[in-house]
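> Each chain, letter by letter, is given below.
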Amino acid sequence: MVSKRFIAKRLLLLGPVLFGVATVVFAILHLSPGDPAIAIAGERASQEFVEQVRSDLGLTDPLWEQYVRFIRDTATLDFGESYQVRRGTAVGDILADRLPITIELAVLGQIAGLLFGLPLGILSAVKKDTLTDHFSRVGALTGISVPIYWSGPLLILLFAQVLGILPTSGRIGSTYFIDSKTGFILIDTLLAGNLAAFQSAALHLVMPVIVLGVYSMAFISRMMRSSMLEVIRQDYMRTARAKGQGAKTTVMKHGLRNAFIPVITIIGIQFGSMLGGSVLTETVFEINGIGTLLVSAINKSDYPVVQATVLVFAFMYTIVNLLVDITYSVLDPRIDQ
Amino acid sequence: MPSTDSAVPVSRSRIERTRRLVIAAARWVAIGAALGAAISLALLIVWTPRAATDTAFALGALVLGFGVIAWSTAVGLGQTIEGMKAHLDVSAGWTEASAREAFFVLSWTGTGWVVAAAACSILLGV
Numbered sequence: 001m002v003s004k005r006f007i008a009k010r011l012l013l014l015g016p017v018l019f020g021v022a023t024v025v026f027a028i029l030h031l032s033p034g035d036p037a038i039a040i041a042g043e044r045a046s047q048e049f050v051e052q053v054r055s056d057l058g059l060t061d062p063l064w065e066q067y068v069r070f071i072r073d074t075a076t077l078d079f080g081e082s083y084q085v086r087r088g089t090a091v092g093d094i095l096a097d098r099l100p101i102t103i104e105l106a107v108l109g110q111i112a113g114l115l116f117g118l119p120l121g122i123l124s125a126v127k128k129d130t131l132t133d134h135f136s137r138v139g140a141l142t143g144i145s146v147p148i149y150w151s152g153p154l155l156i157l158l159f160a161q162v163l164g165i166l167p168t169s170g171r172i173g174s175t176y177f178i179d180s181k182t183g184f185i186l187i188d189t190l191l192a193g194n195l196a197a198f199q200s201a202a203l204h205l206v207m208p209v210i211v212l213g214v215y216s217m218a219f220i221s222r223m224m225r226s227s228m229l230e231v232i233r234q235d236y237m238r239t240a241r242a243k244g245q246g247a248k249t250t251v252m253k254h255g256l257r258n259a260f261i262p263v264i265t266i267i268g269i270q271f272g273s274m275l276g277g278s279v280l281t282e283t284v285f286e287i288n289g290i291g292t293l294l295v296s297a298i299n300k301s302d303y304p305v306v307q308a309t310v311l312v313f314a315f316m317y318t319i320v321n322l323l324v325d326i327t328y329s330v331l332d333p334r335i336d337q
Numbered sequence: 001m002p003s004t005d006s007a008v009p010v011s012r013s014r015i016e017r018t019r020r021l022v023i024a025a026a027r028w029v030a031i032g033a034a035l036g037a038a039i040s041l042a043l044l045i046v047w048t049p050r051a052a053t054d055t056a057f058a059l060g061a062l063v064l065g066f067g068v069i070a071w072s073t074a075v076g077l078g079q080t081i082e083g084m085k086a087h088l089d090v091s092a093g094w095t096e097a098s099a100r101e102a103f104f105v106l107s108w109t110g111t112g113w114v115v116a117a118a119a120c121s122i123l124l125g126v
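Keeping their order, the protein sequence lines are chains A and B. Residue numbers for the first sequence follow the UniProt record's numbering, beginning at 1 and rising by one. Residue numbers for the second sequence follow the UniProt record's numbering, beginning at 1 and rising by one.
Simulated from the structure, these hints should not be mistaken for laboratory data. Keep in mind that the hints are not guaranteed to be accurate.
[Unchecked claim] Take a look, some chain A residues computed to stay more than 12 angstroms from chain B by CB distance:
| hint | residue |
| --- | --- |
| 1 | K9 |
| 2 | L13 |
| 3 | Y67 |
| 4 | P100 |
| 5 | F116 |
| 6 | L154 |
| 7 | G164 |
| 8 | F184 |
| 9 | L190 |
| 10 | M223 |
| 11 | Q234 |
| 12 | D235 |
| 13 | A247 |
| 14 | T249 |
[Unchecked claim] Each pair of labels, with its calculated beta carbon distance range:
| hint | chain 1 | residue 1 | chain 2 | residue 2 | range |
| --- | --- | --- | --- | --- | --- |
| 15 | A | G92 | B | A24 | 34 to 42 angstroms |
| 16 | B | A102 | A | K9 | 18 to 26 angstroms |
| 17 | A | S3 | B | E101 | 20 to 28 angstroms |
| 18 | A | I111 | B | R12 | 50 to 58 angstroms |
| 19 | A | S180 | B | K85 | 38 to 46 angstroms |
The beta carbon of each residue, even a glycine, is placed where N, CA and C say it ideally should be.
Using the sequences plus the hints, can you model the full thing?
Here's what the structure looks like:
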């Protein structure tokens, strides 16, 4: 079982990680071109007005003072107010609205990746060097190689434009009005008891989830294949077969759990790719999650929103990896933390 | 008293290790401070004191932030990454310990750098 010391150590590391991320984001924002004061005041505003806006935002102070203020506010979870995206609204409130949308997408993408990647990897390993294995390996390689900004529009073209069976963008049909209780559209439509709205929301999620899931599936199936091939060669697998156990039962009962351990690690590390992928996916499918919020905030030099969004991404990534490590040691109690 | 005999070297080695870490950190902070001051002054040739010290500070913050993130990752995920590399047979001599050491250097250099840039900003009356 996982020791409390291990969990405490990982939770303690959360502090330096978030401090580092906050520092890097602060530095990059201040090194990159773009002036939030001009973005707010407008290109045609007078120099005096721009200076006034800059002073109001606290951008006239030396950078080290701004940095100290920023780190102090972030430590108390005060991310300030949005400059531009939703001017004057607390960044925490904006994130609370948008975060469930991205989490829903990333989790469904990861589930899709696991549901298809695991069987494909096992099948590929069990049927090594057959046509099934070759197809699966080529499929995995294609899935890893195809970028989201290419596969997304291609799916829209096929399923929405040519076949007309799936909606192109958004989260739900424009005829449905669902009160947001949890922020997760599938759960909200179910809570509202509106099955037609649920169906519409599910159809809207199909393409974004496929786009995100394909990459995950490809990576997981590749890892599962190599891990399963290693496990299949073990003595205990041979012994189980020699005792008369069927091939399918041996693989599922003795092989899967052991082969799954390295795959679990990959899932945690890959969650970062899912979050990064959600930025592109949300942009392609016009979903108002954290990804589109980040892109919009960067374009408008909205420093508080960019900083808070990146910190939330880093926090989620670290927590997911902690959960993965806990799962890892539960699956294999021999692992010394 | 065997228990006391064995406890003393452990405690001594821990103190010695901490001492070495503090000395190494101080050395890299000093090097970082020299770098930060040199860059702030060099940028003064082409920019205003405000722009020069702000840019030097932001560059130092970049080094510090990157160093801290990478150090924490090496401590938290180092063994996992090492294991994964070995499992995939793509290990190229990367180890958790060497990564931790490298990012320790980067973190403390960055710290010295930002402190020196901030000090230059104050001294120049920005």
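> Could you check that no beta carbon of chain B comes within 12 angstroms of the beta carbon of A/L154?
For A/L154, whose nearest Cβ neighbour in chain B is about 30 angstroms away, the distance exceeds 12 angstroms, so it holds.
> I want to verify a distance hint. Is the separation of the beta carbons of A/G92 and B/A24 within 34 to 42 angstroms?
40 angstroms, holds
> I want to verify a distance hint. Is the separation of the beta carbons of B/A102 and A/K9 within 18 to 26 angstroms?
With a Cβ separation near 21 angstroms, B/A102 and A/K9 satisfy 18 to 26 angstroms, so the hint holds.
> Minimum Cβ separation between A/M223 and chain B greater than 12 angstroms?
Incorrect as stated: the minimum Cβ-Cβ distance to chain B is 8 angstroms, not above 12 angstroms.
> Between the beta carbons of A/S3 and B/E101, is the distance compatible with 20 to 28 angstroms?
26 angstroms, holds
> Is it correct that the beta-carbon of A/P100 has no partner in chain B closer than or equal to 12 angstroms?
Correct as stated: the minimum Cβ-Cβ distance to chain B is 26 angstroms, above 12 angstroms.
> Verify that the Cβ of A/L13 lies farther than 12 angstroms from every Cβ atom of chain B, and report whether the claim holds or is violated.
5 angstroms, violated
> Would you say A/F116 is clear of chain B, with no C-beta pair closer than or equal to 12 angstroms?
A/F116 is indeed farther than 12 angstroms from all Cβ atoms of chain B, at 21 angstroms.
> With 12 angstroms as the threshold, tell me whether A/T249 passes as away from chain B on beta-carbon distances.
Holds, because the least Cβ-Cβ distance between A/T249 and chain B comes to about 26 angstroms, which exceeds 12 angstroms.
> Once the closest CB in chain B is found, is it more than 12 angstroms from A/L190?
A/L190 is indeed farther than 12 angstroms from all Cβ atoms of chain B, at 37 angstroms.
> Is the claim that A/D235 lies outside the interface with chain B correct, judged by CB distances over 12 angstroms?
19 angstroms, holds
> A/S180 and B/K85, beta-carbon distance inside 38 to 46 angstroms?
Given about 44 angstroms between the Cβ atoms, the range holds.
When held up to the earlier numbered hints, the structure conflicts with 1, 2, 3 and 10 and fits the remainder.
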